[in-house]
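Same order as they appear, the protein sequences are chains A and B. Its first residue numbered 245, the first sequence is counted upward by one per residue in my numbering. Its first residue numbered 51, the second sequence is counted upward by one per residue in my numbering.
Accuracy of the hints is not assured; some may be wrong.
[As the list claims (entries may be wrong)] A few chain A residues that face chain B, going by a derived Cβ cut-off under 10 Å, partial list only:
(1) Pro577
(2) Glu589
(3) Ile590
(4) Gly593
(5) Met625
(6) Pro627
Just so you know, the hints here were simulated from the structure itself, not pulled from any lab data. Even for Gly, the Cβ is constructed at its ideal location relative to N, Cα and C.
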Amino acid sequence: MQKVYLDNAATTLVRQEAIEAMLPVFNQSYGNPSSLHSYAQDAAKLLEDARQDVARAIGAEPGEIVFTGGGSESDNMILRGVAKAYAKKGRHIITSAVEHHAVLYTLQAMEKEGLIELSILPVDEFGSVSPAVLDQAIRSDTILASIMFANNEVGTILPIPALAKVCKAKGVLFHTDAVQAVGHVPINVKEMNIDLLSLSAHKFHGPKGVGASYIKKGLRVSPLIIGGGQEKKRRAGTENVPGIVGMAAALTHAVAHMDENARKETLLRDKLMSGILSSIPDVKLNGHPTERLPNNVNVSMRFIEGESILLLLDINGIAASSGSACTSGSLDPSHVLLAMGLPHEIAHGSLRLTLSEFTTEQEIDYVLELLPKIIQRLRDMSPLYQGGK
Amino acid sequence: MYTEKVMDHFQNPRNVGEIEDASGIGTVGNAKCGDIMQISLKINDDEVIEDVKFKTFGCGAAVATSSMATEMIKGKKVSEALELTNSAVVEALEGLPPPKIHCSVLAEEAVKAAIDDYYKKKQA
Numbered sequence: 245m246q247k248v249y250l251d252n253a254a255t256t257l258v259r260q261e262a263i264e265a266m267l268p269v270f271n272q273s274y275g276n277p278s279s280l281h282s283y284a285q286d287a288a289k290l291l292e293d294a295r296q297d298v299a300r301a302i303g304a305e306p307g308e309i310v311f312t313g314g315g316s317e318s319d320n321m322i323l324r325g326v327a328k329a330y331a332k333k334g335r336h337i338i339t340s341a342v343e344h345h346a347v348l349y350t351l352q353a354m355e356k357e358g359l360i361e362l363s364i365l366p367v368d369e370f371g372s373v374s375p376a377v378l379d380q381a382i383r384s385d386t387i388l389a390s391i392m393f394a395n396n397e398v399g400t401i402l403p404i405p406a407l408a409k410v411c412k413a414k415g416v417l418f419h420t421d422a423v424q425a426v427g428h429v430p431i432n433v434k435e436m437n438i439d440l441l442s443l444s445a446h447k448f449h450g451p452k453g454v455g456a457s458y459i460k461k462g463l464r465v466s467p468l469i470i471g472g473g474q475e476k477k478r479r480a481g482t483e484n485v486p487g488i489v490g491m492a493a494a495l496t497h498a499v500a501h502m503d504e505n506a507r508k509e510t511l512l513r514d515k516l517m518s519g520i521l522s523s524i525p526d527v528k529l530n531g532h533p534t535e536r537l538p539n540n541v542n543v544s545m546r547f548i549e550g551e552s553i554l555l556l557l558d559i560n561g562i563a564a565s566s567g568s569a570c571t572s573g574s575l576d577p578s579h580v581l582l583a584m585g586l587p588h589e590i591a592h593g594s595l596r597l598t599l600s601e602f603t604t605e606q607e608i609d610y611v612l613e614l615l616p617k618i619i620q621r622l623r624d625m626s627p628l629y630q631g632g633k
Numbered sequence: 051m052y053t054e055k056v057m058d059h060f061q062n063p064r065n066v067g068e069i070e071d072a073s074g075i076g077t078v079g080n081a082k083c084g085d086i087m088q089i090s091l092k093i094n095d096d097e098v099i100e101d102v103k104f105k106t107f108g109c110g111a112a113v114a115t116s117s118m119a120t121e122m123i124k125g126k127k128v129s130e131a132l133e134l135t136n137s138a139v140v141e142a143l144e145g146l147p148p149p150k151i152h153c154s155v156l157a158e159e160a161v162k163a164a165i166d167d168y169y170k171k172k173q174a
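With these hints in hand, go ahead and build the complete structure from the sequences.
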C-alpha cells in the first residue's frame, strides 16, 4: 500500500545530512563540553560551530543563541524568564488567541499564579493579529508581547515586522514563537526587530528534543532550569551535543535550499488546495489564502467530523491531522479555529495536510483521488448531510 | 488506539441509513460537541424490532458504537432493546479508550430515544 506522510507540521523526518553529522558525536566526539580534556574540547568546538550556524540562519549573533530541549521549553523559558527579570518594570504581557499551547497555557498558568496580568488579542478570520490592535493593548506596565510567526494549525503567516515595530516604538519586548517558520520562510531577527524567538529542530528535518532560544544581546531572561553553568548560566544541564549538531546541519541545509523548497512546496500546496476546493462541495479553506506557510493546507469539511476522516485516510496510508475535539482529548475543537470565528460544528470537520520538500506530486494526486470518496462516504453516514442521494 | 472490533465496525458499519415510515426515530447529541446519532426503528405488531438503521456525525468510536448498538437490538423485542446498556456496547466492541466512553452512552440514549418516539407515536 502507498504511504503518504502529510503531517509535517507535527514533525518531520530527520534528513540524511543531519543523521550523518550526528553519528560521530554519539561515540567519537562524545565528551562533555564543560570538561577540560581533548574529548571535551572536540565537543565544545562542535557546540560553538552549531551555535554559529543556528545564529546565522536567523540573522543573530552566536552569543544570542541558547540551546534548549525544544520549542516548548524555549517558550516557557522566555516567557517565565522575562516576566521574572523585568518584574520591577511591569507585569503586563500581551499574546494572541491563536498561539500554540506552549505559549498560551504557560501565560495562563503564570496569570493564575499571580505573576502577570495577561491580555489575549483577538484575531481576524484568517487567524492574523492586527498591529493596530496590538498597539491599543499596550499599557504603561506592558513588558512583553508574544505573538507567533506562523500558525501551526492554519499556516497563516503573521505580520511580524509590523507587530515588532509597534512594540519597539513603545519600549515593549517582542517574542515570537517561530517553531513553524524557521527553516521554511526567511527570518532575520535584526531586520525584523525581534527581541526573543523560539525554534525547534524537528520541524525542519532535525532531531526531536532539541531547540533554541534567541535572546537579543543585553536582555535579561532568568533561567528556567537551574543547576550547572552551561549556556552562560542561562540553561543548566549538559548540552544535547548530538542533537544540537543535527539541528545545525538541518537548519543550514533548510536555509540554503529555502527558496527552491518553498517554490516546490507552494506549487504542490496550491494544487492540493484548489483540487480539494474544486472536487468536494461544502468545503472551507482555513487560514490566509496567500499569506501562509508553503507547506500548509487546512480545510473544514461540513457535516462530518475530523477524526473519522483521519482514520479513513490512515487506513489508506495517508497521515494527516485534525483540529477536531476527538483528536484533542477534550470536547472543544481547535482553539485556533474557534478564535477565527468558525462555528463548533465546522471546526470539528477540519483537516490539516502539511507537506515537506520530500512530498511528491504523485502523492498529492493520490490524496486528491482518495479524499473526495472518503468525504462522501462519511457524509452519506451523517444525519447532518441532506445532499447526495 | 481502537480495538480491531471498533475498527471493523467503523470501516464496515452495519445498518447505515434511515428507515422510511419508521415506527420511531431518536436523535441525540449535538454538533457543538461533535457527536450526533440518529437511530430509526421498524417495529412490528409483536413489538419486535424488524429493522434498524443509523446515521452518525462523529468520530470513529461514535460510528462503531452506533453500528454495534443497531446490531445488538435488531430482531429483539422492544422490551429487550430497552435493557441495552452502554457498557454492553463497550464490551461487545472489546473496549473503548476512556475519552470515548461517552460515545457508547450516546448510542444507548439514541436507542432509548427511538423507542420513546415509537411509544409516543403509538399513543397518538
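Hint-by-hint comparison with the structure:
{"no.": "1", "hint": "Pro577", "in the structure": "7 Å, holds"}
{"no.": "2", "hint": "Glu589", "in the structure": "3 Å, holds"}
{"no.": "3", "hint": "Ile590", "in the structure": "9 Å, holds"}
{"no.": "4", "hint": "Gly593", "in the structure": "9 Å, holds"}
{"no.": "5", "hint": "Met625", "in the structure": "5 Å, holds"}
{"no.": "6", "hint": "Pro627", "in the structure": "4 Å, holds"}
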